[in-house]
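**Q** With chain A fixed as given, assemble chain B onto it according to the hints.
Just so you know, the protein sequences line up as chains A and B, in that order.
Just add 1017 to the spot in the first sequence (first one is 1) and you have my numbering.
Just add 606 to the spot in the second sequence (first one is 1) and you have my numbering.
For the record, the hints were derived by calculation from the structure and aren't laboratory data.
Each residue gets a CB set at the ideal place from its N, CA and C atoms; glycine is no exception.
Cβ-to-Cβ under 8 Å is the rule here; a few derived chain A residues that face chain B:
| # | residue |
| --- | --- |
| 1 | S1202 |
| 2 | E1208 |
| 3 | D1209 |
| 4 | M1212 |
| 5 | A1214 |
| 6 | I1215 |
| 7 | N1219 |
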Amino acid sequence: MDVLQILPQQLVFGLALGTVYGLIALGYTMVYGILFMINFAHGEIFMIGAYVGWWVLTALLNAKLTGLHPVWVVPVMLVPAMLFAGLLGVCLERFAYRPLYLRGATRLGPLISAIGASIFLQNAVMLTQGARMKVYMTSLLFPRTWRVQVAGASVSALVLVMIGVAGLMMWGLHLLVQRTTLGRSIRAVAEDREMAAIMGVNVRRVIAVTFFLGSALGGAGGVLVGLYYTQIDFFMGYSAGLKAFTAAVLGGIGNIRGAMLGGLILGLVESLAVTFMNPAYKDVVAFAVLILTLVFKPTGLLGETVAEGEKV
Amino acid sequence: MLKLTDVVTHYGPIRVLKSVTLEVRVGEIVCLLGGNASGKSTTMKTILGVVRPTAGRIEFESQRIDRLPSESIVRRGIALVPEARRIFGRMTVWENLSMGAFTRQAAPPAELAQDFERVYALFPRLEERRQQLGGTLSGGEQQMLAIGRALMARPRLLLMDEPSMGLAPALVDQVFDIIQTINRQGTTVLVVEQNAAVALGIASRGYVLQNGRIVLHDTAAALLAADHIRRAYLGED
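Bound conformation, chain A alone (with noise of 0.2 Å):
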């Protein structure tokens, strides 16, 4: 009866939980589809979207506009975040990868160079910000007597600006996606690079696009995270970058719908987890979906089968 009682309102941290890991698997999703590489810095670069927008929440506190209304402050604290971690993802491109699939490497080189991106990464921010965490005075903006009862639930304000950012972000992307120009190109140079270059796309530069726009969108994650778990340190990007490309594989890494998916199962399984397990087993669960993906069906839930050899 007790279990019964807390599941509404796991399913709704579940919700939120799984589109912020969608958000963030997204990064590692698009820079797959297009360049068949894992990121594995993509998820230092969602920790320095969350430091990012610490410092912003952090100044505005201290030139006391904490009158602001969180309608205003969130968006101020996403935009530089976003900025910034996009900028952060096309440098990585710019100078840790492509150097590299210039001069046609196998396919590991990227990857090792990205491994070791990420670690000069915690460590800059562990040097540059301390090793103490940091705070997110989310409780200053979001009071906690901001919630509604929905279905047995209390959903907090906080929660739905999460379910709502996110939610926004990824409907921004799929129309991007569908039907720009610029998603068509993306689309394309996934597809088949050379015949898209071919039609006169810019290949490199659509390259950095799509790093642009998946670590801006994996820095709103860290943004979200911030103010969700309220503490922020530089290795936070370490798990929460497992389980996002762990909701990118349960999709079907290059799929766009499918890391979005991907992330909201991740979510809900793991809030479910703890509701009828001891919470110490959330991290095991969230691992054992990615094993079991990884045996039973490999290619993900949206993924497509890929030619042996033709893109491994």
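**A** Below, chain B alone, put in the same frame as chain A:
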């Protein structure tokens, strides 16, 4: 219009094109014949800047293009119908065609609409299926889509790499009829073929490529009449 002079192309250490010299004049249909691995597709890719020549020069409308990136070459008015079609299978027919017009985003919408009309008039099937994914089309329809996509760039020179490959004989005739129509509408065509009889049937001149070298060139009629060409490419004894 297009002039290749002693073009040499390497894939890594392997010299694929050893010396290719050929010329396409405005308004012509020129045919490049050759067997497997003679360097036909590499010639196409070299013209488009997908692979870089290691020596020689390529001129288009009297300007050197062999150092330019592919996108600038396409912008100058060369489009390709590639070997094995290579349409974007996960994009709709309409999206494939608009990718063909990628270099013409500044063009007035009315002009683009007119080009869609032109392609749909040539290939009514494409209009019926414009919302369908390219990957779900039949082989012949995909070839039409590949041709339509190239036309959307409003090329002055159209390169066609083995348009007859994998098509039923009736469709081959249809495709070559369309090539003639396109040519009459004012587009110069360089077509690479193994099917020499059909290609020489519509071409004004032909070149023969063997092991990365142009070994022969003549008018289409003379090539069709030449004994050794008949033996090598028309399968006659």
